[in-house]
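Asks: Given chain R, put chain W in place with the hints provided.
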Amino acid sequence: MRKSGIVGWGAYIPRYRIRASEIATLWGWEPGVPHGLGVEEKAVAGVDEDAVTIGVEAARNALRRAGVDPARIGAVFFGTESKPYAVKPSATIVAEALGITPNTMASDLEFACRAASEGMRAALGLVESGFIEYGLAVGADTAQASPGDVLEFTAASGGAAFVLGPAGDSVAVLEDVYTYVTDTPDFWRRGLSPYPAHGEGFTGEPAYFHHIESAVRGLLEKTGLRPSDFDYAVFHQPNGKFPLRVAKKLGFPREKVLPGLVTPHVGNTYNGSALLGLARVLDQARPGQRILVAPFGSGSGSDAYSFIVTDRIVERQILAPRVDDYIARKTYADYATYAKMRGLYIRTTF
Amino acid sequence: MRVYVAGVGLTRIGRLFDKGILDLAAEAAWKAIDDSGGIIPDAVVVGNMLSSSLQSQDNLGAYVAAGIGLRGRPAFKVEAACGSGGAAIYTGVSLIASGLAGSVLVVGVEKMTDFPNAVVTEALAQAADSEYELFYGATFVGLNALMMRYYMEKYGVSRDEMSAWPVLMHRNGAVNPYAQIRREITIEDVARSQVVADPIRLLDSSPIGDGAAAVLLVSEEVAKSLPEKPPVAITGAGMSVDTVELSNRETLDRIPAAAEAARKALEMAGVRPEELDVVEIHDAFTINAVLLLEELGLAPRGKAARLVAEGKFHPGDKPTANPSGGLKSRGHPVGATGVYQVVEVAMQLRGDFPGVKVPGAEKGLALNMGGDGSTVTVHILSRV
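So the sequence lines, in the order shown, correspond to chains R and W.
So the numbering used here is basically just the index in the first sequence, starting at one, shifted up by 7.
So the numbering used here is basically just the index in the second sequence, starting at one, shifted up by 938.
Next up, chain R with everything else stripped away, as it sits in the complex (with noise of 0.2 Å):
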């Protein structure tokens, strides 16, 4: 057992939803090929939402939860691939609008979907050595696709945020983490692009598969633990039908992914993804009980964790909105008006 763990944790996801079938009718794609990625609808965030506004509002809610004085926190991690500013960083604006500054590290960090997870390693790496005495790590996006793109269908705005201090006051403490990276490009923008690409087949066996089992047999492998030791598998969720399938072949049975799966009900929130998982799961889990999480980032690379609950979450679960109460609090978009939310549509103003 180490000597960090998870303080507070929580949620943030935007109302408005669009429907797979709604995009498949537009663009003239069969029914099968949404179907086929195991999401049904997707969440879209508001005209007045960005990357910040949901990274606020999820920090605010793990805040909630941790208890802790926002002064005391010491370094903001904030992972995002939908940066409002290019250049500007986005932490300062969270860590400003929570009451975090000036006393604070602060930085935007990139690695695709697993740049809030590296945040959270670093957050804890930082309690541990006495550098700080909280931190705050936050993943949001408001991810991007070409219009007609298989992406369109998963690309979804979501976010999740974690509070990482002193396993003495954690919900869940660290027991391990391991970490697989490799440069294996199956997924990039480039800079001044508007939308990523994609190296279609190549984002599965090599990238997504290959670094989430590396990661996750590493970490089996350093703690000498096994499947069944474990209560709960998150896994970085692009699809519905990734992370059973990662996790059939790791060992984990269906049953202890699905309570951490939900992008089948909001889409890919990208940084979200994984840690909107893991907060589902923080939601309901249970005292003693160990959980396995590994978010993966494309470009490439995974993490995998092992948390162990603590008596302390059961007061905390009801402090903040749970995921399912966002998941639940929805109301449908047509294209159209989706096309408009997420500036696909570009106005001239004379």
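Heads up, a few of these hints could be off.
To be verified - Listing some non-contacts, in silico: residues in chain W with all C-beta distances to chain R over 10 Å:
#1 Asp961
#2 Arg1009
#3 Pro1054
#4 Asp1098
#5 Val1179
To be verified - Not close to chain R: a few residues of chain W, all C-beta gaps over 10 Å, as computed:
#6 Asp996
#7 Tyr1001
#8 Glu1122
#9 Glu1188
#10 Lys1202
#11 Glu1248
Unchecked claim - Partial pick of chain W residues on the chain R-facing surface, computed with a CB cut under 7 Å:
#12 Lys957
#13 Asn1055
#14 Thr1059
#15 Phe1073
#16 Arg1130
Because the hints were derived from the structure by calculation, they are not lab data.
The beta-carbon is built from N, C-alpha and C at its ideal position, and this holds for glycine as well.
Replies: Chain W only, in chain R's frame:
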């Protein structure tokens, strides 16, 4: 004419992320050389379509031959779009028939999966006429869709009747260890699959994959000098071309180059179509297979799809069509496909094809096509 098949080699087809074009070529080539008992060939012919546009690699004859350890001998690439492999075999056969070489290694190789589909599709489209078709926005699938629509309307053939072909191909390919897609599908799966260019659906279309196939051809003289004379020979070769642009053909439901190439090859081999036990034909799209069966005289015009739906050409029938699973299921690493077909037919005649077998097969045909019928090669293989 007899050009003996002394050795064959195949790689599995698929998204082979850890193998480059040279790895693939070397794997198939050395399997063929080993299979021949170690014949080091006098010449190397490489069948390939896309190395120039995808790998930025020309000079492929030297690149492959020297790369796999065969410096100092003639080597060159033969390109005829999706028909490159068949044209490479035709060239290898010509080298031996002319007496210029006693043994020729023909390697078909294609590396396609390093790129997004849009890039690969654009490269593949160069099989069509760049100035008169592609410039106007036609795609290669779109041109084949015109042929399929015309055929279905003219002969009143239904969607489900057309679907019998890909269903059969997946059933055959499911047991071929070299096949890219080893999974059975149903008529309903085809009907529900994504429209690519109406009426062509995803499951009418061959997949994109990496692969290499090689065959070691030898002359009568070299064959006689071997400890065991190879049991299979290429006894007929025919090639024919047509306009690259579809608009200058007489009709959309014919592939005249296929009929002509087959006529030449069968005549050279002294074989009648009804004598064929096994055929491997070029089904990049369902409509290709249907039209080619008719051009080969194996089905009356307008009837091939229905005959397949009724059980004709299935395993056990004569001829059995595409026991490999065809381009649809075995896969279509474009410039290698024609070589795969010759290897598969040779293995059927030798009796060692590891998938669906055609027991006792004596005579077989391999038909490889470039473009939508612009370059066709046909080879007849016989047990000798």
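Asks: Does the interface hint hold: is asparagine 1055/W within less than 7 Å of chain R, judged Cβ to Cβ?
Replies: Holds - the Cβ of asparagine 1055/W comes within 7 Å of chain R, reaching about 6 Å at its closest.
Asks: Can threonine 1059/W be said to touch chain R, with a Cβ gap under 7 Å?
Replies: Check failed: Cβ of threonine 1059/W comes no nearer than 11 Å to chain R, outside 7 Å.
Asks: May I ask you to check that glutamate 1248/W keeps its beta-carbon over 10 Å from the closest beta-carbon of chain R?
Replies: Check passes; 28 Å lies beyond 10 Å.
Asks: Is the nearest CB of chain R more than 10 Å from the CB of aspartate 1098/W?
Replies: Aspartate 1098/W is indeed farther than 10 Å from all Cβ atoms of chain R, at 16 Å.
Asks: Taking the shortest Cβ-to-Cβ distance between lysine 1202/W and chain R, state whether it exceeds 10 Å.
Replies: Non-interface label on lysine 1202/W holds, nearest chain R Cβ at 40 Å vs cutoff 10 Å.
Asks: Closer than 7 Å between Cβ atoms is the bar; does phenylalanine 1073/W clear it against chain R? Give me holds or violated.
Replies: violated, 23 Å
Asks: Does arginine 1009/W really sit off the interface, with its C-beta more than 10 Å from all C-beta atoms of chain R?
Replies: holds, 33 Å
Asks: If we take the beta carbon of aspartate 961/W, is the closest beta carbon in chain R still more than 10 Å away?
Replies: holds, 15 Å
Asks: Non-interface claim for glutamate 1122/W: all C-beta distances to chain R beyond 10 Å?
Replies: holds, 17 Å
Asks: With d taken as the least Cβ-Cβ distance between valine 1179/W and chain R, does d exceed 10 Å?
Replies: holds, 33 Å
Asks: Does the claim that glutamate 1188/W lies off the interface hold, with its Cβ farther than 10 Å from every Cβ of chain R?
Replies: holds, 33 Å
Asks: The output says proline 1054/W does not contact chain R. Does that hold with a beta carbon cutoff of 10 Å?
Replies: About 6 Å separates proline 1054/W from the closest Cβ of chain R, which leaves it inside 10 Å; violated.
Hint compliance for this structure: hints 3, 12, 14, 15 are not met, and every other hint is.
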